[in-house]
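*Asks:* Sequence:
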Amino acid sequence: MEFQDNANLNLVVESAPIGICILDATTFVAELLNEKFLEIAGKPKDAIIGKWYWEPFAEARIYYEDALKSVAQTGNAYYADEVELMLIRNGKPENIFVTFVYAPVKNNNGGISKIAVWVLENTKQVIERQKVAEAKSIIEKERDKLNEFFLKAPAGICVWSGPELTYELINPTYQSILPGRNLLGRPILEAVPELKGAPLIKAMQDTYNQGVPWEVHELHVPISEYEGGPTVDRYFTFNFLPRFDINDKVDGVFNFVFEVTEQVIARKKIEESESHFRHLADLVPSKISNALPSGEVTFFNQQWLDFAGMGFEELRDFGYHKMMHPDEIDEFQQKLQEAAKTKKPLVMEMRFKDTNGKYIWHLNIASPILDENEDISMWVGSTTDIQQLKEEEQRKADFISMLSHELKTPVTSIKGYIQLMQREITRDTFKPEKFVQSLDRVDRLVMQLTNLVSDMLDLSRIESARLDLKKKQEDINELVKEVVQDFTLTNPSRKIELYQDGDFFAEIDRDKIAQVVINLISNAIKYSKENSPINIAIFQKEQEKISISVADQGIGIDQKEHDKIFERFYRVEGKAENHFSGFGIGLYLAHSIVARHNGSITLDSKPGLGSTFTISIPIG
Numbered sequence: 001m002e003f004q005d006n007a008n009l010n011l012v013v014e015s016a017p018i019g020i021c022i023l024d025a026t027t028f029v030a031e032l033l034n035e036k037f038l039e040i041a042g043k044p045k046d047a048i049i050g051k052w053y054w055e056p057f058a059e060a061r062i063y064y065e066d067a068l069k070s071v072a073q074t075g076n077a078y079y080a081d082e083v084e085l086m087l088i089r090n091g092k093p094e095n096i097f098v099t100f101v102y103a104p105v106k107n108n109n110g111g112i113s114k115i116a117v118w119v120l121e122n123t124k125q126v127i128e129r130q131k132v133a134e135a136k137s138i139i140e141k142e143r144d145k146l147n148e149f150f151l152k153a154p155a156g157i158c159v160w161s162g163p164e165l166t167y168e169l170i171n172p173t174y175q176s177i178l179p180g181r182n183l184l185g186r187p188i189l190e191a192v193p194e195l196k197g198a199p200l201i202k203a204m205q206d207t208y209n210q211g212v213p214w215e216v217h218e219l220h221v222p223i224s225e226y227e228g229g230p231t232v233d234r235y236f237t238f239n240f241l242p243r244f245d246i247n248d249k250v251d252g253v254f255n256f257v258f259e260v261t262e263q264v265i266a267r268k269k270i271e272e273s274e275s276h277f278r279h280l281a282d283l284v285p286s287k288i289s290n291a292l293p294s295g296e297v298t299f300f301n302q303q304w305l306d307f308a309g310m311g312f313e314e315l316r317d318f319g320y321h322k323m324m325h326p327d328e329i330d331e332f333q334q335k336l337q338e339a340a341k342t343k344k345p346l347v348m349e350m351r352f353k354d355t356n357g358k359y360i361w362h363l364n365i366a367s368p369i370l371d372e373n374e375d376i377s378m379w380v381g382s383t384t385d386i387q388q389l390k391e392e393e394q395r396k397a398d399f400i401s402m403l404s405h406e407l408k409t410p411v412t413s414i415k416g417y418i419q420l421m422q423r424e425i426t427r428d429t430f431k432p433e434k435f436v437q438s439l440d441r442v443d444r445l446v447m448q449l450t451n452l453v454s455d456m457l458d459l460s461r462i463e464s465a466r467l468d469l470k471k472k473q474e475d476i477n478e479l480v481k482e483v484v485q486d487f488t489l490t491n492p493s494r495k496i497e498l499y500q501d502g503d504f505f506a507e508i509d510r511d512k513i514a515q516v517v518i519n520l521i522s523n524a525i526k527y528s529k530e531n532s533p534i535n536i537a538i539f540q541k542e543q544e545k546i547s548i549s550v551a552d553q554g555i556g557i558d559q560k561e562h563d564k565i566f567e568r569f570y571r572v573e574g575k576a577e578n579h580f581s582g583f584g585i586g587l588y589l590a591h592s593i594v595a596r597h598n599g600s601i602t603l604d605s606k607p608g609l610g611s612t613f614t615i616s617i618p619i620g
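Residue numbers (the working numbering): 1 to 620.
You can take every hint at face value.
Keeping only pairs whose Cα atoms sit at most 27 Å apart, straight-line, the calculated DSS-like set for lysine-lysine is:
{"id": "1", "residue 1": "K322", "residue 2": "K390"}
{"id": "2", "residue 1": "K564", "residue 2": "K390"}
{"id": "3", "residue 1": "K529", "residue 2": "K606"}
{"id": "4", "residue 1": "K69", "residue 2": "K51"}
{"id": "5", "residue 1": "K495", "residue 2": "K541"}
{"id": "6", "residue 1": "K541", "residue 2": "K471"}
{"id": "7", "residue 1": "K51", "residue 2": "K106"}
{"id": "8", "residue 1": "K358", "residue 2": "K335"}
{"id": "9", "residue 1": "K322", "residue 2": "K343"}
Restraint-style ranges between C-beta atoms, simulated for each label pair:
{"id": "10", "residue 1": "E148", "residue 2": "N95", "range": "33 to 39 Å"}
{"id": "11", "residue 1": "D563", "residue 2": "S377", "range": "41 to 47 Å"}
{"id": "12", "residue 1": "E140", "residue 2": "I112", "range": "47 to 53 Å"}
{"id": "13", "residue 1": "G357", "residue 2": "E271", "range": "35 to 41 Å"}
{"id": "14", "residue 1": "R129", "residue 2": "I62", "range": "25 to 31 Å"}
{"id": "15", "residue 1": "P345", "residue 2": "N491", "range": "54 to 60 Å"}
{"id": "16", "residue 1": "N95", "residue 2": "A67", "range": "15 to 21 Å"}
Honestly, the hints are just simulated from the structure, not real lab data.
Where a beta carbon is used, it is the ideal one built from N, C-alpha and C, also for glycine.
Model the full structure from these sequences, guided by the hints.
*Replies:* This is the structure we're talking about:
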């Protein structure tokens, strides 16, 4: 077919909705094409018209040259549907998708004179379809993942639909919470009737009716472990979410649930144990504290809070280190570092300031608690008040010092008198009367030593609970009268008056009770002026009890000392008492002896107004 024989050919090619290029079947030279073909080719017309077809499309030659030759040789058309092709378009390589046909054009003789290249670009359609396919694949994958999550989720998941909250979907974990129950297709109150009236049902209905999400943790739900069984205490964490249809109306409820019964019970046990620990820690007399390895304190017991006069947060923020005595802070920090390094307890005597600003001695122990890796997980502190022990130690030290002095003084004097008598004997002017005077003085000093040793023996016996009493019925009036007479003879200048409110007898150890009365009268004389009287009274104030009181008009004793005056080695603090000898066991012995008689000894005294000691012992 010749072009001039078909005047409409150009018009047909130009107006075609797809790209057309007419090639000579022998030379494959482009003879005719339309704008649509140029648009797809991305090349100017003069780059194609009159050119061998594979010259402008060299990049596609390797793939389709044989197909073009085959069409020319066989007369059979070649079809390619949405093939991906790299073309140089507008000077740049592009990957496009095209559908094209190599179609033979025959002349009147049936020979193949032309080849028509029909081409349609599908790039946008293919890419869009690929995107759709890719999105569909992603959706399917996500759906598969969601389905896998739903089936394997550690949380119980279910979907309720409709106003009756009918089970539409459940996962295996949810089914395991309610084993053996047929749930699907059943309303919640039919499948789990024990929930009727529970606040949980109202929360589900509110989520469905009002679209309000609801979340609660560790909710106590009495529920059966199997359908029809007895309810047991169980705990759950719930999350209800509304499900919306295409009209944005709630048509169901998503439920996510975790059973936390074991965790709650375990925590309650821990909390109970911790509560017992805190209660126990508050009961013990020591100050107990806990701290993290960083030093942050997590617990102070009530003893600490009372001592500091602060609440927990206040004391924690204040820092109990600020209560330490400044002289001991450096040593404490060094020992704490050493304890952290060696992982051994810190043990140290140190002082802490109380609410009155007074530093009190404590035995402070900080023990490291190690975890399974032998690392310090926490510190436990035990701080015990040892102020009385320290005072006791000091009193013991003072006692030993005074005892040494009390022993040394008469012994030195005895030695002096013996040396004096030795010298007097060798002199020509020896006078026996002087010898007698010295012997009298030695005798009194020996008696002083004997009394001192006796007191020490009584102290030892009392401390070891071996003070034996030889009780028998005694005349109390006669006993006291004899003691008063002895003091009157040895203290002729002192006025000692005795008042008797009757004749009294009691079952006592005469020598021990006499020792008590002697001690009280000795103290009355020692702590009052020489011209002041000592008043002694025997009376019966309580039924079945006899009382003996010794009153002086001496220096008196402050009220704060009354509870301590009978303690071992205790001596009243102050200036005036420093002028008097003694080492604090007389009243302790007196109190102990009276107590062994099932009696009592009391004190009525004020500074500057004298003192009255009263002993009361049973008659029988």
